[in-house]
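Colleague: Each chain, written out:
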Amino acid sequence: MAQRVRRRSYSLRNSMINPAGYHPSQLKFYVILLPLVLFMLLPIVFIISNAFKPLAELFAYPPRFFVVNPTLKNFVDLFALMSTSDVPVSRYFFNSVAITAVSVCASILVSTTAAYALSKKRFRLKKALFTINTVALMFVPVAVTIPRFLVIVRLGLIDTFAVHILPALAMPVGVFLMKQFADGIPDELIEAAQIDGASDLAIYRRIILPMIRPAIATIAILTFQATWNNAETSALYINHESLKTFAFYLTTLTSTASGANVVAGQGMAAAATLIMFMPNLLMFILLQSQVMSTMSHSGIR
Amino acid sequence: MITRVEVRRERALRKSLAREGSAYAFLSPYALLFIVFIVVPVGMAALLSFTYFDTIQRPRPIGLSNYIMLITQDEVFMKYVLPNTIAFAVITGPGGYILSFLLAWMLAQLPRIPRTILALILYSPSMTSGVTMAAVWQTLFSGDQNGYLNAFLLGMNLIQEPVQWLQSPRYLMPIMVIVTLWSSMGVGFLAMLAGMLEINPELYEAGSIDGISSRWQEILHITIPSMKPQMLFGAVMSIVGSFQAGAIGVTLSGSNPTPQYAGQLIVNHIEDYGFLRYEMGYAAAVSVVLLLMVLFFSRLANRMFHEE
Numbered sequence: 002m003a004q005r006v007r008r009r010s011y012s013l014r015n016s017m018i019n020p021a022g023y024h025p026s027q028l029k030f031y032v033i034l035l036p037l038v039l040f041m042l043l044p045i046v047f048i049i050s051n052a053f054k055p056l057a058e059l060f061a062y063p064p065r066f067f068v069v070n071p072t073l074k075n076f077v078d079l080f081a082l083m084s085t086s087d088v089p090v091s092r093y094f095f096n097s098v099a100i101t102a103v104s105v106c107a108s109i110l111v112s113t114t115a116a117y118a119l120s121k122k123r124f125r126l127k128k129a130l131f132t133i134n135t136v137a138l139m140f141v142p143v144a145v146t147i148p149r150f151l152v153i154v155r156l157g158l159i160d161t162f163a164v165h166i167l168p169a170l171a172m173p174v175g176v177f178l179m180k181q182f183a184d185g186i187p188d189e190l191i192e193a194a195q196i197d198g199a200s201d202l203a204i205y206r207r208i209i210l211p212m213i214r215p216a217i218a219t220i221a222i223l224t225f226q227a228t229w230n231n232a233e234t235s236a237l238y239i240n241h242e243s244l245k246t247f248a249f250y251l252t253t254l255t256s257t258a259s260g261a262n263v264v265a266g267q268g269m270a271a272a273a274t275l276i277m278f279m280p281n282l283l284m285f286i287l288l289q290s291q292v293m294s295t296m297s298h299s300g301i302r
Numbered sequence: 004m005i006t007r008v009e010v011r012r013e014r015a016l017r018k019s020l021a022r023e024g025s026a027y028a029f030l031s032p033y034a035l036l037f038i039v040f041i042v043v044p045v046g047m048a049a050l051l052s053f054t055y056f057d058t059i060q061r062p063r064p065i066g067l068s069n070y071i072m073l074i075t076q077d078e079v080f081m082k083y084v085l086p087n088t089i090a091f092a093v094i095t096g097p098g099g100y101i102l103s104f105l106l107a108w109m110l111a112q113l114p115r116i117p118r119t120i121l122a123l124i125l126y127s128p129s130m131t132s133g134v135t136m137a138a139v140w141q142t143l144f145s146g147d148q149n150g151y152l153n154a155f156l157l158g159m160n161l162i163q164e165p166v167q168w169l170q171s172p173r174y175l176m177p178i179m180v181i182v183t184l185w186s187s188m189g190v191g192f193l194a195m196l197a198g199m200l201e202i203n204p205e206l207y208e209a210g211s212i213d214g215i216s217s218r219w220q221e222i223l224h225i226t227i228p229s230m231k232p233q234m235l236f237g238a239v240m241s242i243v244g245s246f247q248a249g250a251i252g253v254t255l256s257g258s259n260p261t262p263q264y265a266g267q268l269i270v271n272h273i274e275d276y277g278f279l280r281y282e283m284g285y286a287a288a289v290s291v292v293l294l295l296m297v298l299f300f301s302r303l304a305n306r307m308f309h310e311e
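Residue numbers (the numbering used here), protein chains in the order written: chain A, 2 to 302; chain B, 4 to 311.
By construction, these hints were calculated from the structure, which means they are not laboratory data.
You may find that some hints are simply not true.
A few chain B positions that, by computed beta-carbon distances, are all more than 12 Å from chain A [what the hints assert, rightly or not]:
(1) R7
(2) V8
(3) R11
(4) G66
(5) M72
(6) Q76
(7) D77
(8) P97
(9) Y264
(10) A265
(11) I273
(12) V289
(13) R302
Calculated cross-link-like contacts (lysine-lysine; reagent style DSS-like; alpha-carbon spacing at most 27 Å) [claimed, not checked]:
(14) B:K18 / A:K127
(15) A:K127 / B:K82
(16) A:K128 / B:K231
(17) A:K128 / B:K18
(18) A:K122 / B:K18
All C-beta atoms in this analysis are idealised placements derived from N, C-alpha and C, irrespective of residue type, glycine included.
Based on the sequences and whatever the hints tell you, model everything.
Modeller: And the structure:
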């Protein structure tokens, strides 16, 4: 018996990690994974299916999971609508697009420069500063919502576009992943460039940036998710309707307290939910191989 | 003589500035934001926690009173918030972590294309935020007979009348746990999967020669020790995630406090005192307790996975 077990596991070993192709031994993993994956997929399929349902189907009894007569009416309604305070919904949408785009670019700039210094430059506080950043991975922003609010009031950032962007740039995970990845660039390469007389800026632009592209893609995704999905900033720091984001607008559609037309709101909320979700998914599909290669450097040593 | 020393010193300083200055220049934008939005708020929370502060008058120092009140007089905190937070964090933290590890482990043993597709599906819920999902969960768990879960259970004759899932103190917490676990295959999960794929296959061969015969032994003696750094990163991510996922109960039930405090977590307690009652000093004390809890559990994870 023991011998049989050993022989079996030996035959598996050749196809264990990262196998090249299909092997019957993988079947058991599919048997466990597939039902689970289908279960995980349900709410996502639901988002997509719901967005295209006409009102009659949204309120049908018994409710049906899949759409029968798909329609774009929910999307048309959503963008034709003026919100309660006369701001067109497209305004929220463009706010979100602009804020997210600027945040992603700024976040890449801020975390690549920091990671370059922490990984490749030599200075006295280097180790200490990186340790502080690693401790800050454990930082829970919601815990300090109140003092953060006081800081933002004091800086005069209330009701500005900057308040959507600046706090999102202090992202310890981003700098952490970027620095770990940059550690993989051989020091000789940079020394050689220095001997050739390259300035720090040139090294940063010509060597570091091209070589940490996967990490940049990862930071882009993380910043994208953090800002695109962010409704809290609009709720806490913004009083002008015209500066709020699409994510915030979605919360007003779904909350019953806002007094919005709940019946019509359902269809638009379903469409808005899909609009919120899709860019996240597309970004990740496009950049997933870069993300995976960053993640293999992600360990805390 | 003295002047010569001074000159030499100045020259050394200038030299080190020239050498190190550019490092600080590259670091400064991030450092500035880090200080303004992380260090200063944490410091302020610590200071405010020793004061009485209602946002109108200046903070008045009251020593440890906030902490003493938190431990001795805050019945809601001791009776609901703390047990809820610990129960929620223990299930979704280690639970989500072990789930991520096992899923990553199974995925690592599949060929690249099915692995990528399945990993994408498992990761996709973590891209959604509470805000995005509120509409979905509210429809699925809706309390009338139109709710999908109610309609399904009524159709199967498992229940006689619709259940108020999200307003019921009995079901709110389990639903919060399910929703959080559903979206817990995030960055930490990807890190563990990537770490597993990087392990040198020769280690497994060497292990089998050394007499490792079962999968469990292999996980314990080869897989986990070879990817400790990723294990630690994943652990920190899931600890932070499970303490941070506080908004979920309020989002689902639509009210803070949640029905009969059934889904009240420490994060909601902070909001309750800070933004609804304007007792900022007290809320700050609760925040400090939350940060210390995260730090404590992360230290624990560090103990387990740190490489010497």
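Colleague: So, for every hint listed, does it hold in this structure?
Modeller: Verification of the supplied hints:
| no. | hint | verdict |
| --- | --- | --- |
| 1 | R7 | holds, 25 Å |
| 2 | V8 | holds, 22 Å |
| 3 | R11 | holds, 19 Å |
| 4 | G66 | holds, 19 Å |
| 5 | M72 | holds, 17 Å |
| 6 | Q76 | holds, 21 Å |
| 7 | D77 | holds, 17 Å |
| 8 | P97 | holds, 16 Å |
| 9 | Y264 | holds, 18 Å |
| 10 | A265 | holds, 19 Å |
| 11 | I273 | violated, 7 Å |
| 12 | V289 | violated, 8 Å |
| 13 | R302 | violated, 9 Å |
| 14 | B:K18 / A:K127 | holds, 18 Å |
| 15 | A:K127 / B:K82 | violated, 45 Å |
| 16 | A:K128 / B:K231 | holds, 21 Å |
| 17 | A:K128 / B:K18 | holds, 21 Å |
| 18 | A:K122 / B:K18 | holds, 15 Å |
Hints 11, 12, 13 and 15, counting from the list given before, are not met by this structure.
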